[in-house]
Amino acid sequence: MSKDYNQLPQVAFSILLALSLKERHGYEIIKQVEEDSNSKIKLGPGALYTSIKQLRSKGLIVEVKRPDDSRRRYYKLSGAGAKALESELEYYENVVRLAKKRHALSNVHLYA
Amino acid sequence: MYTSMRRRQASFPIYRALLRFYPKTYRHEYGEQMVQTLADMLDDQHGRYERAAVWIRVGSDLPLSIVQENMNNIGATTMNKLTKLSNKQLLMSGGILAVLILLMAATWGRGFIVSNVARVFYLKPVQQMIVKRDGELANPFHTFGMDTLEKTSSCHVTAATFISTQVECTSSAHGYVKLSDNKDETVQKARALEATLEKQGYKAGSNEVTFTSLVAGTYEGKDYSPDAFYQKIDGPYMCVFDTTIAYANPAPRAISMDLSCRRTLEILGTPSNAGYRSSQGYL
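Residue numbers (my numbering), protein chains in the order written: chain X, 1 to 112; chain W, 1001 to 1283.
Hints are computed from structural coordinates only; laboratory data are not their basis.
Any given hint could be a false lead.
[To be verified] Once the Cα atoms are required to be at most 20 Å apart in a straight line, the calculated DMTMM-like pairs of lysine to aspartate or glutamate come out as:
{"#": "1", "chain 1": "X", "residue 1": "K42", "chain 2": "W", "residue 2": "D1044"}
{"#": "2", "chain 1": "W", "residue 1": "K1178", "chain 2": "W", "residue 2": "E1220"}
{"#": "3", "chain 1": "X", "residue 1": "K76", "chain 2": "X", "residue 2": "E23"}
{"#": "4", "chain 1": "X", "residue 1": "K42", "chain 2": "W", "residue 2": "D1043"}
[To be verified] If you only want the chain X side, here are some residues facing chain W, beta carbon under 7 Å, derived:
{"#": "5", "residue": "Y27"}
{"#": "6", "residue": "G44"}
{"#": "7", "residue": "P45"}
{"#": "8", "residue": "A47"}
{"#": "9", "residue": "P67"}
{"#": "10", "residue": "R71"}
{"#": "11", "residue": "R73"}
{"#": "12", "residue": "Y74"}
Note that the structure is a prediction, hence the values are computed from the model and not measured.
Where a beta carbon is used, it is the ideal one built from N, C-alpha and C, also for glycine.
Chain W with its partners taken away, still in its complex shape (with noise of 0.2 Å):
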């Protein structure tokens, strides 16, 4: 048998080849055994098809236990890495691990965090300041017959840096109305809607497209006006009353109006209100 394992031995220069794949320490404590056992399985059989299944089991158990002893080698060698550091190795490994994933924290979820603070504590003030506009302008989408609204209320990230992070949260009222035949009246309402809104202190917008000239050109044939708008700065909200044409050549005539309000939340930034009064926002 001994002649036999020399010359097996020797014709098993694959197998070994293969048992390179396994950790240092495993081949070097059983590597050779391994061999010798599948020399032993070799001498066992003695047709060529028993070999054959000799070599076919050996070389389908091979590939599972190879990524079994790597997978635990890995393991043991973090392992004993890890019981090789001394306490304050330990500590400061920890406390940079934490710091990096709070960073990766805050990098990643600060937009969600900071919007949904921003949504808790500033989007029902937000809506309340809507009523409040729409009260102080004697509800100009009832006035000019817009009874079914489509009211929308949001807090969204519009703009993050490294370190910032801007929420702003808005909500808004739009309404669509076909206008009146009778032209004199509605631009009367038109004209006691642009009174007001200069005297709740809404400034217009700088295109010199005012309210009651929008809502009179649509009975000119105007089926195209650059909106008229108007907005009110009141502490952190900013308030815009916004009108277009929405149809009038043909008729029916159609204006489409907009009362929005926001305010946003502004972390480790420049506040946008201060943005806001410095480029008088839209104006």
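Bound conformation, chain X alone (with noise of 0.2 Å):
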């Protein structure tokens, strides 16, 4: 497991997971983002744009420009943005097999 699991904000995670596809332009990202999280996470482009910059300056997402559509820009994940996301996956997975194994889902029910 990579040391650094587990070190992306939600919504950058989401933006993450949302280009694992495809490259998408803002909207895009906005769409999958909120079909991804069961309509939890409604990004406005404020927020969009404010983790876009973050991913962008980490190395996480680069941006794509597409002949068919100047007026978007598109972003697609770079290859240090693949292993965040994979070891974060990693880190998901570990907890929710860690949870599983200590029943914590059903220990849970007893002080809901």
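Got two chains here, each in a separate frame; can you build the complex from them with the hints?
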């Protein structure tokens, strides 16, 4: 397991996840994030581009120019971004596995 | 969609005005994309309420993002300026900053520091001086039946200018007693104490009130008199023996007695003891 797993804020993780299938422009990212989170994460342009700026500065996503759509900028995962996402997913897998092993999910009901 | 886009972009003057609150570099990089994303969001909604929901989402999203980006920008600008400074400039800036901090600390903290230094080095000797003076005056409190005394010791700042600080450490014993009805015996005690004061080098105050005259006055119905006080300066210490009429008319007559010693610590100022000597203190 990578030592820097689980270092991504939730919105940043959601954007990486949205870009894991294909490159997308801003509104497509917003829609995909909303869909992936069952409408729990509803981004506006401000929050979206603040996160995009951070992800770009960390080299996790890169901008792509599309000749067929010059008005919009598209973004895709970089190699580092794919590794970060993989590391993050691995962390969550381990957390879920551990929770199941401890029957933590059934115990949660006791305190609900 | 292109035609729709042009119409929508033209109708976003308020949103564009709000984008001006972002840092210039951020606005230059992402401003048009934010407007484009907003236009896409609105184009995808067909009902009035759905479009209103988009505006509500965008309106609640902007303020936090603007604050965050401006905070990031301030941090980045500061770091950028710092990294552009040469080592020499950085050292000079650090030195100036250190001097400013030291000056502030000296201004704000010197009273605290000096009074605590004085407390450590001066307070106990001052307390010992009180005991010594009490002994050489043959325990005046006990002589007059004052067995319960109020004793205090403290150091505090008495004067401070831009560079100088004066701290005074004082120790005192204070007593109060009802005088006996035997005037002759009491006045005799007062006279003896007064002789001891003179013998031990105390100088009487210039108000012509002596300890004996003050005590004798209480038997004549006086319920007020200026203090009868005596002062002795010995090296850095100044001690004062002070007596007042507490109550005299009607009886029972009573006096209060105070013996105190003090020593001052002067940092970058005129030593107080020189001042005591030149003006003879309270005399």
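These are the hints, each one checked on the structure:
1. K42(X) to D1044(W): holds, 15 Å
2. K1178(W) to E1220(W): holds, 15 Å
3. K76(X) to E23(X): holds, 4 Å
4. K42(X) to D1043(W): Judged against 20 Å, a Cα distance of about 17 Å means the pair holds.
5. Y27: holds, 4 Å
6. G44: holds, 3 Å
7. P45: Holds. Min distance 4 Å.
8. A47: At about 5 Å, which falls below the 7 Å cut-off, the nearest Cβ of chain W leaves the hint on A47(X) intact, so it holds.
9. P67: violated, 15 Å
10. R71: R71(X) check passes; min Cβ-Cβ to chain W is 6 Å, inside 7 Å.
11. R73: Where the cut-off is 7 Å and the nearest Cβ of chain W is about 6 Å from R73(X), the hint holds.
12. Y74: With a minimum Cβ separation of about 10 Å from chain W (threshold 7 Å), the hint on Y74(X) is violated.
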